[in-house]
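Protein chains: 4
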Amino acid sequence: MQLGMVGLGKMGANMTQRLIEDGHEVVVTDLIPLAIEEAVKDGATGAEDLATLVKKLDAPRAVWVMVPAGVPTQSTIDELANLLEAGDIIINGGNSYYKDAIIQAEQLGKKGLHLVDVGTSGGVWGLKEGYSMMIGGEKEIVDHLSPIFETLAPAADKGWGYVGSSGAGHFVKMIHNGIEYGMMQAYAEGFSIMKQKPEYDIDLAEVSRIWQDGSVVRSWLLDLMKEAFDVDQDFEDIVGYVNDSGEGRWTVFEAIDLNVSAPVITESLLRRIRSREEGYTDKLLSVMRNQFGGHKMMKEEDE
Amino acid sequence: MQLGMVGLGKMGANMTQRLIEDGHEVVVTDLIPLAIEEAVKDGATGAEDLATLVKKLDAPRAVWVMVPAGVPTQSTIDELANLLEAGDIIINGGNSYYKDAIIQAEQLGKKGLHLVDVGTSGGVWGLKEGYSMMIGGEKEIVDHLSPIFETLAPAADKGWGYVGSSGAGHFVKMIHNGIEYGMMQAYAEGFSIMKQKPEYDIDLAEVSRIWQDGSVVRSWLLDLMKEAFDVDQDFEDIVGYVNDSGEGRWTVFEAIDLNVSAPVITESLLRRIRSREEGYTDKLLSVMRNQFGGHKMMKEEDE
Amino acid sequence: MQLGMVGLGKMGANMTQRLIEDGHEVVVTDLIPLAIEEAVKDGATGAEDLATLVKKLDAPRAVWVMVPAGVPTQSTIDELANLLEAGDIIINGGNSYYKDAIIQAEQLGKKGLHLVDVGTSGGVWGLKEGYSMMIGGEKEIVDHLSPIFETLAPAADKGWGYVGSSGAGHFVKMIHNGIEYGMMQAYAEGFSIMKQKPEYDIDLAEVSRIWQDGSVVRSWLLDLMKEAFDVDQDFEDIVGYVNDSGEGRWTVFEAIDLNVSAPVITESLLRRIRSREEGYTDKLLSVMRNQFGGHKMMKEEDE
Amino acid sequence: MQLGMVGLGKMGANMTQRLIEDGHEVVVTDLIPLAIEEAVKDGATGAEDLATLVKKLDAPRAVWVMVPAGVPTQSTIDELANLLEAGDIIINGGNSYYKDAIIQAEQLGKKGLHLVDVGTSGGVWGLKEGYSMMIGGEKEIVDHLSPIFETLAPAADKGWGYVGSSGAGHFVKMIHNGIEYGMMQAYAEGFSIMKQKPEYDIDLAEVSRIWQDGSVVRSWLLDLMKEAFDVDQDFEDIVGYVNDSGEGRWTVFEAIDLNVSAPVITESLLRRIRSREEGYTDKLLSVMRNQFGGHKMMKEEDE
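Residue numbers (this note's numbering), protein chains in the order written: chain L, 1 to 303; chain Z, 304 to 606; chain X, 607 to 909; chain H, 910 to 1212.
Calculated directly from the structure, the hints in this document are not laboratory data.
Be aware that one or more of the hints could be misleading.
[Said to hold, decoys possible] Straight-line alpha carbon distances no greater than 35 Å define the calculated DSBU-like cross-link-like pairs of lysine-lysine that follow: (1) H:K1106 to X:K716; (2) X:K803 to Z:K402; (3) Z:K413 to L:K195; (4) L:K158 to L:K197; (5) H:K1020 to L:K296; (6) H:K1106 to X:K745; (7) X:K764 to H:K1067; (8) H:K1106 to Z:K402; (9) Z:K529 to X:K902; (10) L:K99 to H:K1106.
[Unchecked claim] Short, incomplete list of chain H residues facing chain L, as computed with Cβ under 7 Å: (11) V980; (12) L1133; (13) Y1150; (14) T1190; (15) D1191; (16) L1194; (17) Q1200; (18) K1208.
Keep in mind the model is a prediction, meaning the values are calculated, not measured.
Backbone N, C-alpha and C define an ideal beta-carbon position, used for all residues, glycine too.
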């Protein structure tokens, strides 16, 4: 079927390529002309801006917005809302906050427009391995778009599914990332303990290999760690500075709002925050120990 | 090759069957005569006790001890130590504490006996899917036993591997279980948050299905959850009382001893402990709130 | 000096009494006429509603709003904003979210009104022992009100202080409560461990007594626990169901927003949430253990 | 009464001085002759070694061992066990593991000797403010020593108390320190959050002052923080490297052994461990994010 694609970054370009290869017609735009040119070479129809893109699509139109979450996504949706007409569909495909999708759907609905929110996992591997897509919105609109989802994330491969009304797609993707934080931290801790056990000089690549088949902890993340450990196990040049992208903290806030205690997902987030801190809290502990017990504080010149 | 198997519980019986099917000769014993009979039906040679089992094996003997960890394993090894002769091998296959294996290896070594410690993951699924085996001890002894390991956990399937000197097999299995605790808790928290979101009435089986392929959190544990959710998602008759089997707390102790902070594995253990508590700590919080703020305490009769 | 007091609950009534005893003139109102009558008996001037209260005060007026946080406080402030005139002062004395005070101050400022936000600790003990007051707003307005604060929380007793611009009073009170959560949980855990040590049959009242003087953990909270333990140490009729009042979760959100990792305050909140949960997360853990390891799940009928 | 004091470090010397000032007769020894000379100047009787010290005491002797925990304490007790005679008393006053005291008491008991274990809080402030002493052992032996305890930690000041059989003194002191970890971390987190709130430029000394009287979080630790904040609030030259002395981790182990979930005391310990780590766990998280999402890893040269 026909689809407009706004945003040709890593994800948008990969998805466009996959769609074209499967016979869909994709009209694309991006702020960077070169990105449009590349997609056109692959078989896409180029459009220099949103207005042109909308004109090149037949009603009822479907436009996939795949630009960074937050202001870029919101302003793209706002502009599309003015260009599209009743019955058209906007697909919010970024890692947006699910509450934004609820508001967007409500506002677009007043104009007769439909919003579908898609949470996508699979990252840079999606082009090759297929994506995992959690989809929210009106059920019949999602059904209408199913040829697109079937191409990007074939259901036979358990790739896509409808999870609920507006926002549900981003909500489930948010939880997905919260779980991901917890799993990553669990693996990282376990391998760290092994690394710190000098008696055994454990080969972490070998342990990962053994665990890859038959063990309870086998997973795709473990497969990736195995590949990394095959190359290096010391990571001396890597700085232990870990970013978080939003979904983790949204999950923590959501859990507290819903009165669900989620210590592991929460600690995973706090640990990432800690990796970026300068340690004022620790300084205060040193100061207190010195105050009440006369314990020596380590000072800069001691290091 | 020839192997003695002591203990025909779920694991020992499955392993015996797998070995026989692959052409090995297995002499078995167990405290329950019926268990021996069953194995004999499958092609094993039965032995009524440890002394008989030892007599039926050719030197250098290899005896796999697959009885419950702790006292049963220790007393079996002690008895075997008196029956075996220099050059023979004992395989400690239970979920024992790795420090026990270090001591056992040292003591058996004085008599010329060898100890190999094997940590096995795969549980009840191992017969069908093959085990994941982490193996510690003297490298050449482990090499000698490789036909056995190849049958139980084919290396082509990434099934077994040598991880270090005595105790290393159980050490790595201990860490495996620590990671398992963290992963389980991460999934449980994530699904709990979704379950508590009434706006969406999310189908947890459908979410699991979508995540099974392409998502970052795909894993064998997730596959199992999918199967459970297909049957039920409320679990009204299940009590939220979660046991821990030892390896989790050993991992937590080890991390602290090695000065590795492992908050996620630790919180996973504490959460299990909490599931079994009667809540004295919480009562104290209620009492304190009442003392300083006049906040009403909920009493038994209020419930 | 002269002050209007809106809200004669536990806190408002106590403060009114303290102010009158120290020679201030207090005009009071409350939704419950009886509460007004009681205050009048103590020497206050009664007013049947906000409009009357405002009329009975001389410009520039100062009105202390001491009604429940949230909607009641907001609607009272909104109504007062219409009744007061430029130069008048509203004191927001409830446990409100500090961001509300920032918005309120901005909106009132457009009409020439001033907002002072006061976070008060001391609870039911304040009448007798004096309050601890953290005050935010315009410095000169706070200075103007200092006779009031001096009565309620004498500076000689380290009772009150100016902590910053609008919202700072409630912000510091919020953090105070976050710390309080952590301290309470630390004590509760420590006493719980002692309670669970059957070998020693430790008298928790005696331990509290010993710690009250000279120990590093001495505090007012400990004094309160001592008093509670003198009466009972089993609390068999108390349900371990612990509420949280808002400030704790706001502190957790704030820490994450500011990228400060605060595991202890966070865990204290999660533990309270856990005390009120039905245990779906734990059920999922039981189900998973059963799925991969064949571990028996405890069912309702087993209990 | 008469007492032998072994070990004239900070604590031992202070206690000796306090005892002499209150009229007790103290025979002292130490590995450093100068320390003995100092005590003799204060009025103590010097002894060049343990044998001499024992000779200078009248039966039934009471000898306070105030040397570092672990090997020094154990070897001193072993040597004293050979020098003393039935009916004599050894006081283990260090921060020893409570299980050691149980074993020591049992072994000394076979020779008719008595062990009393004393956990002491109050640190460097004890000489001036009096100690807080938790005492374990045989009740009648503790009663016999009460004049000593009355001097060091007057009961009128809630200073000392009997808490149970052998080991109970050190057990309660261990829990005391666990709680102390939690309280310190709670304060440190709260002040850190305030420090990171640039909008308010909060004066932490002023906040501490306000909280010192009337607030729920008032405590001796807060008094100490106030004094530290009066001098500095940035601590730029202090390294956030926080030691732990043993009791904290013993408390965590004990809680797990007793199946009491104590997340706050546990997290306080983990946070201290984290302050001393080099961040291998965080490096692994960075590597994983790079593997699955193509997220850029920060490298040494980027800093």
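Quick rundown of the hints versus the structure:
1. For the suggested pair K1106 of chain H and K716 of chain X, the alpha carbons sit about 26 Å apart, so the restraint of at most 35 Å is met.
2. Restraint check: the Cα-Cα separation between K803 of chain X and K402 of chain Z comes to about 27 Å, which is no more than 35 Å; the hinted pair holds.
3. With a CA separation close to 30 Å, the supplied pair K413 of chain Z and K195 of chain L stays within the 35 Å bound.
4. In summary, the hint linking K158 of chain L to K197 of chain L is not supported, as the alpha carbons are separated by about 40 Å, beyond the 35 Å threshold.
5. A threshold of 35 Å between alpha carbons decides the hint, and for K1020 of chain H with K296 of chain L the separation of about 41 Å lies outside it, so the pair is violated.
6. About 19 Å separates the Cα atoms of K1106 of chain H and K745 of chain X, which keeps this hinted pair within 35 Å; it holds.
7. Restraint check: the Cα-Cα separation between K764 of chain X and K1067 of chain H comes to about 25 Å, which is no more than 35 Å; the hinted pair holds.
8. For the suggested pair K1106 of chain H and K402 of chain Z, the alpha carbons sit about 48 Å apart, so the restraint of at most 35 Å is broken.
9. Restraint check for K529 of chain Z and K902 of chain X: satisfied, since their Cα atoms lie roughly 19 Å apart, inside the 35 Å limit.
10. Distance check on the hinted pair: K99 of chain L and K1106 of chain H sit about 27 Å apart at the alpha-carbon level, within 35 Å; holds.
11. This hint is violated: V980 of chain H has a C-beta 21 Å from the nearest C-beta of chain L, more than the 7 Å allowed.
12. For L1133 of chain H, the suggested interface contact is upheld, since its CB lies about 4 Å from the closest CB of chain L, less than 7 Å.
13. With 7 Å as the threshold, the beta carbon of Y1150 of chain H comes within range of chain L, its nearest partner Cβ sitting at about 5 Å, so the hint holds.
14. Here the hint on T1190 of chain H is kept, as its CB sits about 4 Å from the closest CB of chain L, short of 7 Å.
15. A hinted interface residue such as D1191 of chain H counts as satisfied when its beta carbon comes closer than 7 Å to some beta carbon of chain L; here the least separation is about 3 Å, so the hint holds.
16. Annotation: L1194 of chain H was flagged as interfacial toward chain L, and the flag holds, the nearest CB pair being 5 Å apart, inside 7 Å.
17. A cut of 7 Å between beta carbons decides the hint on Q1200 of chain H: the least distance to chain L is about 4 Å, and the hint holds.
18. Restraint check, K1208 of chain H versus chain L: the minimum CB separation of about 5 Å is within 7 Å; hint holds.
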